[in-house]
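Enquirer: Given next are the chains, with one letter for each unit.
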Amino acid sequence: MENKQTSILILDDEPIVGKRLKPSLEKKGYEVESFTRSKEALERIEERSFDIVVTDLKMEGMDGMQFLTLVKEKYPDTEVIVITGFATMATARESYNKGVFDFLAKPFKLGEIVEVIGRAEAKRKKSREA
Amino acid sequence: MSVLDRIRRLFGGKKKETVPFKILFAEFKKSLELNNQILDLIADANDKLSGDYIFDEQYIQYICRKLADLVRQLIVTINHLTEQKYAALYISFHKIEEEIEILLRGRVLGQIQDYILPYSMISRTLTDSVGGKNAHIAEIGNLLDQQIPDGFAITTEGFNLFLDENDIRDEILSIRRSWHRSEIPVDEASRRIQRVINEAEVPPKLQMDMLAAAEVLSRRHKDVTPCFAVRSSALGEDEISSFAGQYLSRLNIPLQEIPQAYKEVIASLYSPEAMEYRLMMDFRPHEIMMAVACQLMIPAKVSGVLYTYDPVRPENETMIVNSAWGLGEPIVAGEVPTDHFVLDRRPPHEVREIQIVHKTTTMVQRGCGGTGIDGVQENQRRESSLTTHQLQKLAEIGMRLEKYFKRPQDIEFAIDRQERVIVLQSRQLRLQQKRAPRACDLSDLEEKYPILIRGRGIAAMEGIAIGPAWVFSEGRDLNDFPMGGILVARHATPQLARVINKAAGFITDVGSTTGHLATVAREFRVPALFKTENATEVIADGEEITIDTECLTVYKGIVQELRYYAIQEEPIEEMYEYRLLRRVLKKIEPLNLTDPTAENFTPEGCRTYHDLTRFVHEKAVETIIDLNFYHAHHRDTQAGKLLWDFPLDLILIDVGGGIEGSHSQGVRPEQITSVPMRAILDGMSYPGIWDMAPAGVDFSSFMSSLTRTSSVRSTSPEDVGRNLAVVSAEYTNINFRLGYHFTVIDAFVSDNVLDNHIYFRFSGGVTETIRRSRRTRLLAKILSHYDFLCELYGDIVVARLKRTDRERMMTRLFLLGLLVGFTRQLDVEMVSEETIDIFFNKIRTIMEHEHGK
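Chains as they are written, first to last, in the working numbering: chain A, 1 to 130; chain B, 1001 to 1853.
The following block holds chain B by itself, in its conformation from the complex:
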């Protein structure tokens, strides 16, 4: 007997007699109540990740157990309503609950048992096993028809096998502990752990799998010499953390050296920089794992990085490309000067700015024996490394990846000998937080303070930094870098990130905004000025300097006038609790079931608590409609479809005195005698409210609309959703799904003031957070103005009104009708803060016109 059968038997029982509608409806309302509680709790938990809150593990456990309890109740309820039709929901639920429990017990979920996975078998759902780099690149190759380097992933299971077979976990832990207790310095701890790893053996099983997978790759690409690149692929949650790019890569090695290279790459997990970084981020031992990428080497003619937004000035709507001849390693490491291009984000992606630098050296492949540095041929030194045509092509690829991943992207690319653009890596790009703009010609600062650098370089992170200069040169130890110093260096190399928690600022002669150090500087909000050409020459070691990266200026001395600006906002700290909450929320919050007509809209398709909740809500509404409208009518109810001019597929169920006359052909609005329902429909049919034409959709809302699976503006009833209103003479309970907005209204209106109530709940709508928040604030403003008691949870608005006389109740219900028609497009239209007042006044004008108040 299957689990499903057992569950059915357990809950099934004998066939029920017709249940009175009253009881069914009570069950239905209970499911709505649970649905609301769950969504509020999820919104609340999500809110905690904003960085403003202090919460501990107890809170995370509380949230998870509370949610599990509510979701379980919800599943019981829908199965009561449907005579155990959806018992399979229990299976999906238990699976999710178990995964969350594993996370709470302090383990990272591994999703597979394989040590090796070829790219053809990888998608983003395997991120926790193969790491972000592998997961993204494989998905780009598999689904987007884009050239990528062919390869395979060595999974975290493989990593665990390596540690376990060699029995070195405890040894590593104890070395790490001595460092935490300050018994040994980080460099020694790093050296000792790396030695332990390097002296261990790659387990025969793992080694065999690696070599076999590499053989397959070689056979598939006979036209090229099979040389390989072995790189780290950081774990899922590090997708936006800047450390991902800092581990070792072994390039251009022959097949038989892959196992050795694997050991070296995983040993780099314990470089001093990585260890310091994890200490700062409060990593627990179970979080320290590495997946590895093994790829066929691309013989790159040109390499570079494309950012689909200018991370420092996203409002410019431009893309940034940095490139140079040869392999990409020295380019992303900021070790060589790069050509710099600024492109328009809008097609045809015109080139707005070009800076061609003098390129003297390039990294090249040496057969299959690693890499070397060669001089660039004389005629290529001052030549642009990319043609306009290639730039355009890159821009198109960038936009395609951004659309697909729904986030600004940081893309590493190569151009091979056949002039093909090959994507090597794509990950989310962190944009600088918007700050208040500041005039550069602040005052007569130039007269008061000597200027060391002016108008040269690029700001990798904007801001002011004041402190003593510490000029990094050959033979100097970064461990001696002083707290609060400004690091001045020739190259913006990733190793400098090691002092990020001490440095007030960075200045380099060479470097680009697309390098790793730039990313780290933005993550930690440390002002950084790169590409100044001669900072190491004009700035003396030890002298106090003030840098203003926004104005590309370095002053000698402490500029008092800028001191105020030097106080940085606090970075959102990456504590263990944040990561744990983010991990469990991945099993809770994402909504995969957006389209009720889609194939995956099944109990088995539910992968998160949100999915389960969404599924149950849809089926609860459907069941009530089916039972009363499509199938054998309940003796105690009447049901009909509303005949209306507006695209609203509404089924009305009358439980007593809500509808008059015959409704076999549907219910005309004038047949509705339910007092609250009439008022709401009056509001909804107010001229112009429903059909309010959406304003021209601008780019960022277009971006967010990509997360939708069907158009909100579609007016065919199937797409608008199934809507239900249960009515009686004095009562109305409405469930609307309009596009992606969910609205619930529950209202009772009689002459007895004490019995009267209105409950209104609004949620959903797919657009960027800022607009959602404007919409939420607008609704709260309007509702509070008309006496509602409002509560906000994330983007959910709940409003209540009680004990109010009949006349006032009616105008409030009319208002809710207006809001339902009107909010459909609101988040797209709320392009600025001013729109809040504009729409607020619009609503007030209508209310005054209609009700004289």
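For reference, chain A alone in the conformation it holds in the complex:
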């Protein structure tokens, strides 16, 4: 059995998201890095890959859509989960077209995102076994 921790990168310019998510995901055994600036998150992505990326869509400075596009280009295997406070069908559809794994509207329950992350993790496992 592979024992490697699943790694997760969280990017949201609202600090509460990372603050709240990071400790609970770490407690569940994930390796988590959290960023509020897309520039720093991008630099980190240049350095290493993550199994799962959780990102906001609408942020100051850089568009989340741009960020997830770059992530997917560099690491097609990385599953991207989009969270945003401005859920519209158009943005949702666009992000799905970019190969996003799932889409979560803010505010969401901690349990909801943990469940989505669990599914993303299962999908990765399955595709690796296949």
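FYI, nobody ran anything at the bench for these hints, they're computed from the structure.
It is possible that some hints are incorrect.
Below 30 Å or equal to it, Euclidean Cα-Cα: the simulated DSBU-like pairs (lysine-lysine) are [to be verified]:
#1 A:Lys125 <-> A:Lys22
#2 A:Lys19 <-> B:Lys1066
#3 A:Lys109 <-> B:Lys1029
#4 B:Lys1029 <-> B:Lys1066
Given the coordinates of chain A, work out where chain B should sit on it, guided by the hints.
Expert: For chain B alone, kept in the frame of chain A given last:
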């Protein structure tokens, strides 16, 4: 011209001709629709505070602006309906909206301009200006006829003046910033900020006001030497946060030293513990403020703390008292052993348990020159510090305060030389969350692991902790405390709270469940075992230990079998966003207008969006009834009062074919020809449904019923509420207010399946959350079983049914009638989870009996 006149002119216009009922009714329905949207949104926002959600400031802003928009529309609508009769609502609305905007811009509302307020002028509504301690104690003295120390508050305005006149805000901020950036350690930051504060001057205006207020106090109490106590009074939202008790108090000082003491107390806002705590809780600079309490010193013979519930085991229905001789400071600080009493919550409050400890030292007043520690006289050392009579008296006071504040209370008290019980402070008590019970004799653990402590001490917070022991002794630096360690100390002193985010557990020789450290341990869910007598002797520094506070046991080594239990549930994090949402909800959610016959049931009396919504709803129903029933009837409507055996004050308005025959004397049920209305009334009059006798009301529902202003069980029509049904041959729109439940039914039944619909909405009911949630789940279960599409928002249930044939529609309406009669008492009766199934089956039996399905 007043604002009101201008608004009237703006919206008034010339006198209208009689508006057709159809248009009025459309307006009325619009107001209902808005009313529902607002209440759903409020329930939704409230739900976000449960701790399960992640939300950001954008969400809070969205909710506030959306609500403001809907409430504004609602006010426009009621003024259309009433020809601008309630234009004054705009004024109340703008005031609330502005207050919310100020909060959203990141400021804390100060409600007054005064720097000083005497207790006689303070009530709880001023909490944001005078802090929780001042507000509560003043209200207890003013309204409950209970002895309190006389005093005054130095407000947050005074605090702001102190910072501004000395121009030290930026300096404090920059020191704080260097610490946040890890440029300097917390102790240095604390030292530097405290020095800035101590070197500043209390502004002459503030100083004069303080001394003048103290003079007044001295003159009023000539019989005692005027010595004062200066304490912090934390801000409103800290009422249940445990940090409130940890700031400095200056006791027993003469009048002229008050300004100096004030500076010292506000400097303690920047103690290293307080700074760490705020960092953890994500406090913003604008939230860091302190109000101060200045009180006449009580020469206490005995002091102590009363909890109106056992915070660790609330299900025991007991109260806890800890007390000792002399002044209270060392008692709440956990520095001296205290006598421990357990009392029955029920009158006559029998004493269930007594532990008298050996009391050797006591804190006493030294004239007006501070305090000192004396030895206790030999004959008092083993004597109980409280008599049975005093305990009973305390229990009664505790119950009275709990009833008044509607929450379990944590009360500090003193007994003076005249044997009077004086309440020094009362605040909300945090109870431990209920966990699954676990057997203490789990297995043969004792054989496998050496036991260091067994059966001694008290659990201040139940749970399992595993980690290396770190024994705190003189000269050791708390900054060296390791992550995940178990702190072992002689006394349960508040300073230990500083390591709360690192500690896996606490063990002390001396301490009580009513001390500050205990409160902090519960807030952060860190297991804590106090009063073990000799933990510091039997536990060696650095050794791995396992503590099981529930079983009062400490094992040497790591007990693998208990590891599973050591994983603590996540604490609900106190982030800035939570506090901001809670603050804005204070302007949105509380309902002050509960009684339509009360004096404050006016546009001016509306203090929250909920009040405005409630007011408009009442007036909308009233207007429709007045226009059609009491006053000049509309040509296109008929109206009459339902003549019925049940206590339902229902006005029927017929817009076509809903009622037959004469109704000048009222409408008999058999005169109703409206198809949906008949079905609903059939359900409501089902034998036994309406009169279902309430079960014996037990204590906790009694507690929550205290929030009601009149009895739900009262059956006089005035109290039952004004109820309205607009009917036609095929249509019914019902608005019921039964006691504190609001029910809306909108139904259309014809032979055309595509046109048929039922909308049902149920809300309100004053009882504790668990029962409300059971009631909500029961309703959802029943309604879903009978094909309704259900949505739940907080304790609101909305159910819809569409495109269903006539016969099925009729049975569903009959069901809704049953539910209306039946839910009146439901929340009181839903004492356990099983009641959900019991009531569900009851309803199904009736339905099968009546409709064969």
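Enquirer: Hints first: check each against the structure and report whether it holds.
Expert: Against the structure, the hints come out as follows:
no.	hint	verdict
1	A:Lys125 <-> A:Lys22	22 Å, holds
2	A:Lys19 <-> B:Lys1066	27 Å, holds
3	A:Lys109 <-> B:Lys1029	34 Å, violated
4	B:Lys1029 <-> B:Lys1066	20 Å, holds
Comparing the model with each earlier hint shows a violation of hint 3 alone; every other hint is respected.
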